[in-house]
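Here the numbering used here is used: the sequence shown runs in plain steps of one and ends on residue 298.
Treat the hints as calculated values from the structure; they're not laboratory data.
Since the model is a prediction, treat every value here as computed from it, not as a measurement.
Be aware that one or more of the hints could be misleading.
What the hints assert, rightly or not - Here are the simulated SDA-like pairs of lysine to any residue, each with C-alpha atoms no more than 25 Å apart in a straight line:
id, residue 1, residue 2
1, 32, 159
2, 201, 157
3, 256, 278
4, 264, 235
5, 157, 27
6, 157, 198
7, 264, 120
8, 166, 130
9, 264, 201
10, 201, 166
11, 103, 27
12, 271, 3
13, 201, 191
14, 235, 256
15, 213, 191
16, 201, 268
17, 287, 32
18, 157, 188
19, 271, 285
Stated by the list, open to error - Listed next, with one range per pair, are the computed distances between beta-carbon atoms:
id, residue 1, residue 2, range
20, 244, 219, 37 to 45 Å
21, 101, 268, 34 to 42 Å
22, 197, 219, 21 to 29 Å
For every residue, glycine included, the Cβ atom is placed at its ideal position computed from N, Cα and C.
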Amino acid sequence: MRCQEGAPGTIRACVLPLRPPKTVTEVVREVKPLCLHRRVLTGDEDTHMSSSHRQKDKGEPETESRGVFGAGRVADLLTVTGDFSAEDAHQWVAEMLDDVPNKLAETSSSFDDDGDSSYVFSYDFENVLLGTRLRVAGRAGAARFWSDGATPLALVKEFIGRVAAKTNVRVRFAFDGDERIPVFFARRIDPLIQNTIALAKQETLLEGLLELKMQEPELEGFLSPEFKAVLAEEKTVVASARARRGRLAYLVGVVKDFFVDWHKFRGENVKSAMHEVDRAFQEYSLKRLVDVLEQRRR
């Protein structure tokens, strides 16, 4: 079972014990819009932001939306403003992400984010698939979302916009994007893609070798060490391939979501260019993927 962010719902399972008394128990699991993000405790959540959010010294360059996740990390920033309370902002976060208290603690302390905006809560999350980060901070009338991926911010914008429309709350969105995000995203997902493609090729090779072995029992005497190793690891290859069935298509979907979301934030519609993403996977390389993701900037 694979979860896809942006497709919330409910999973219900009936658990039947192997031993008496065999009483069936229903287990219900809510799948939230950002279900692949898990809470990361940084030691400074809920009371203040990390050192990257300290009040800037005089003359210090304005890099607030950059480096919030530490050296070498980049970040896009989505700011939501409007006529809503801190409790409203916190409730939105709790409905989108796991491991967030349902209610804002009454004892929450204020902290300065950029020297003039006092926020009352902050949480950090990590995407369990890509390792990208998401930070949220909120107060009455304003909420901020930092991420080194475009899709989480697109889902946040979609969710808050929909909820605000239902409750007649007026909200405004402002996006500050980092031009390095596409390259960063490509480097993040590249090892997963490379591993999945290599496994698929290995499975195809194994199928061919097994067919040849049926026709020629002494085949291994003529094989290279590489092919012999594939045959020797038959069970491992088959088990790994079975466990990751459909994973490449899933990763292609993740790339397409990023491709659309990143350029949509920039006011560009690239849905007609989706076939170029498919083409990049036919003869895959990191450079080819980066070229596709950045093509509308050239």
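Check the following: the C-beta atoms of residue 101 and residue 268 are separated by a distance inside 34 to 42 Å. Given a distance of about 38 Å, which is inside 34 to 42 Å, the answer is holds.
Are residue 271 and residue 285 close enough, with their CA atoms no more than 25 Å apart? 22 Å, holds
Holds or violated: are the alpha carbons of residue 103 and residue 27 at most 25 Å from each other? 24 Å, holds
Does residue 198 lie within 25 Å of residue 157 when you go C-alpha to C-alpha? 36 Å, violated
25 Å limit on alpha-carbon distance, applied to hinted pair residue 264 and residue 120: With Cα atoms ~30 Å apart, residue 264 and residue 120 exceed 25 Å; violated.
Mind checking the alpha carbons of residue 201 and residue 157 for me, to see if they're no more than 25 Å apart? 39 Å, violated
Holds or violated: residue 201 and residue 191, Cα atoms, limit 25 Å. Measuring from Cα to Cα gives roughly 15 Å; hence the hint holds.
C-beta pair residue 244, residue 219: status relative to the range 37 to 45 Å that was hinted: 27 Å, violated
Agreement of residue 157 and residue 188 with the hint, judged by alpha carbon distance not exceeding 25 Å: Holds - the C-alpha atoms of residue 188 and residue 157 are around 23 Å apart, at most 25 Å.
Residue 201 paired with residue 166 [C-alpha distance capped at 25 Å]: Since the Cα atoms of residue 201 and residue 166 sit roughly 49 Å apart, the hinted pair is violated (cutoff 25 Å).
Per the hint of 21 to 29 Å, is the separation of the Cβ atoms of residue 197 and residue 219 within bounds? The hinted range 21 to 29 Å holds for residue 197 and residue 219, with Cβ atoms some 26 Å apart.
Is it true that the CA of residue 256 sits at most 25 Å from the CA of residue 278? 9 Å, holds
Comparing the model with each earlier hint shows violations of hints 2, 4, 5, 6, 7, 8, 9, 10, 14, 15, 16, 17 and 20; every other hint is respected.
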